[in-house]
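Visitor: Those protein sequence lines, which keep their order, are chains A and B. Heads up, the first sequence is in my numbering, so the first residue is 4 and it goes up one at a time. Heads up, the second sequence is in my numbering, so the first residue is 4 and it goes up one at a time.
I should point out that these hints are in silico values taken from the structure, not numbers from a laboratory. Just so you know, these numbers come straight off a predicted model, no measurement behind them. Watch out, some of these pointers could steer you wrong.
Since the list gives no way to pick out one identical chain from another, each pair is judged satisfied if it fits inside one copy or across any two copies.
Said to hold, decoys possible - Listed below are the simulated DSSO-like cross-link pairs for lysine-lysine, each with C-alpha atoms no more than 27 angstroms apart in a straight line:
1) Lys228 x Lys163
2) Lys108 x Lys8
3) Lys166 x Lys326
4) Lys29 x Lys216
5) Lys29 x Lys75
6) Lys153 x Lys253
7) Lys153 x Lys229
8) Lys163 x Lys260
9) Lys158 x Lys228
2 protein chains.
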Amino acid sequence: MNKNKFTPIANLGEFNLIDNLVSDIKINSSLTKMGIGDDAAVIPYLKNEDYLISTDMLVEGVHFDSAYTPLKHLGYKSIVVNVSDICAMNGHATHALVSLAIPNKYSLEHISTLYEGVKLACANYSIDLIGGDTTSSSSGLVINVSIVGKVNGKKITYRKGAKPNELLCVSGDLGAAYLGLQILERERYIFNENQNVQPELENYKYILERQLKPEARVDVIDILKKNEIQPSAMIDISDGLSSDIRHICKASNIGVKIFENKIPISSFTSEAAIELNINPTICALHGGEDYELLFTAPLAAQSKLEAIKDTHIIGHMTSTPFKIELITTSEQSVDISSDGWDSFIEKN
Amino acid sequence: MNKNKFTPIANLGEFNLIDNLVSDIKINSSLTKMGIGDDAAVIPYLKNEDYLISTDMLVEGVHFDSAYTPLKHLGYKSIVVNVSDICAMNGHATHALVSLAIPNKYSLEHISTLYEGVKLACANYSIDLIGGDTTSSSSGLVINVSIVGKVNGKKITYRKGAKPNELLCVSGDLGAAYLGLQILERERYIFNENQNVQPELENYKYILERQLKPEARVDVIDILKKNEIQPSAMIDISDGLSSDIRHICKASNIGVKIFENKIPISSFTSEAAIELNINPTICALHGGEDYELLFTAPLAAQSKLEAIKDTHIIGHMTSTPFKIELITTSEQSVDISSDGWDSFIEKN
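Could you put the whole structure together from the sequences, leaning on the hints where they help?
Guide: Here's what the structure looks like:
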């Protein structure tokens, strides 16, 4: 075959690859309420309740580095990132299945430690671990988790539900997980250069925890419900604010204006960013793995939203399709329709 | 840590590893009818209908060799092996989610070809492809499929349902997939020695197809239902007859007597086995990946079962727990409680 006919996936990135693969997929069964294209698929359960189902793969050397990722944290995180997808649909996780491909450098004790994290996360999020697969791996450790959740069928938050002039909100704060990773990478580099130097990590507790042991924002789902706020669209921030807001804009066929001075950034994050000579806003916009919830809500919910401690209004939706605009602290308008983290592009 | 404290997983094998990891897992939710321990988990749907859910991981260099596995076949097989798990619970597959970890040696065209196989299998088995994950891989290609199916809640076939004196039956024929793999390995070896030698594969069409493009026995589920035969226990043969019957015996707390002269073996399989100097019965007993259904049924179903073309009565269950006995053609009794294929043990 002509070698020129081959298209490197690194030229496409993950989302274009997926678009290429799934563009011709049709839904045939009445048992499918939502297929590919959101944080989870939807299949029917009771009259007013649906099941959500989603899957996520973590690969050694891509999503985690075994040199500085404690196995218990890794197991915990593998569940959390999936629970976060269920939260993004306004649901609660109920069941998980865990597949592991295990290289022979890992012992029973290693994998038991990983599983301790899996079980702890399942306990914390009230999830039954109901299945999985375990196999050897000729290369790195791979963890695939599939998650099931349930949701009130009338309260599902799809990406496509946002409308112009609605509020854009985010929970928690952004950019910390990305900076935690930078610190871990820096310390590994220093350690590799001189193995007598002990890593200095005490000052970075918050950002390291955000990277190594994130939590899914079930509490945000619950508090929104308690306050009778129904988000019109929602997604979890796994690839970065600038990347994930694009999914909402694309699915809803609208645009957005984000205000830099409204983006929540922890003082620990700012401090580390400045130390590493990175603009904190850049971390908050393009850093991934925060697992916060990004959602839109009607203007009428503004005062209620402002009263909730851990949600922040950071902008509003506009009628210009796909225009993602950042209004900077110096009141300039900047187009930020660029990418977040992409495992294919970063590696090449 | 003391190095002696580490237990190599190769010393345990897959099933002991799983027993170690999941022995303390409890089911907490009323939404879990069956958790870990069968071919699929069971969660409720309608009054008389349940969902089944299962997951399976295929790893390059462990489950397939990219040197001789056509990518379209690989995609097809990744769905089929999961559909087979749903069949083993007496259900029909409805939905699939596909996660891929892709090394950069694979192009868009390669992955599209793999996906063609996935889509073809989904079309053939009436499955909606509803989700997945796509990431890069720093090492080999990994495919994880999670499958959902539905089943009449009163007709589920668990491994634990077999009783002494019931018939042991198997669909199709056994050992071909294993021999197909041996032929592929042999031809690869010859090709590596001398790249001018073209592989001679014409004579092995049947066994190669059984290895490269297996099918799940949905037809067997349907014909048993049509004949009003309710299996008391069922499993699919993925690791080999001798290994998979153990799961039924263990879960049902009984034993089994298998008659060598009743084990269905295709003439193509026997021919290839003799050519390779392997006993065909050994291939049928210990070779995996046949994806046939192994089930038990009451004695009363005997005449009906004998009338079904593609199911074979190969023995009966006994009251001695875990005793797996082969009655050879020379009427000797042999204990065959040994292992089938195990990805951890084979590699080490």
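Visitor: For each hint, tell me whether it holds in the structure or not.
Guide: Each hint tested on the structure:
1. Lys228 x Lys163: Within one copy only: 20 angstroms inside a chain, 43 angstroms across chains, cut-off 27 angstroms.
2. Lys108 x Lys8: between (38 angstroms within a copy, 14 angstroms between copies)
3. Lys166 x Lys326: Classified as within; 14 angstroms inside a copy, 66 angstroms across copies.
4. Lys29 x Lys216: between (37 angstroms within a copy, 24 angstroms between copies)
5. Lys29 x Lys75: between (39 angstroms within a copy, 19 angstroms between copies)
6. Lys153 x Lys253: Classified as within: same-chain Cα gap 26 angstroms, cross-chain 34 angstroms, threshold 27 angstroms.
7. Lys153 x Lys229: within (18 angstroms within a copy, 34 angstroms between copies)
8. Lys163 x Lys260: The answer is within: 17 angstroms in one copy meets 27 angstroms, while 59 angstroms across copies does not.
9. Lys158 x Lys228: Intra 10 angstroms, inter 39 angstroms, cutoff 27 angstroms: intra-copy only.
Every hint from the earlier list agrees with this structure, and none is contradicted.
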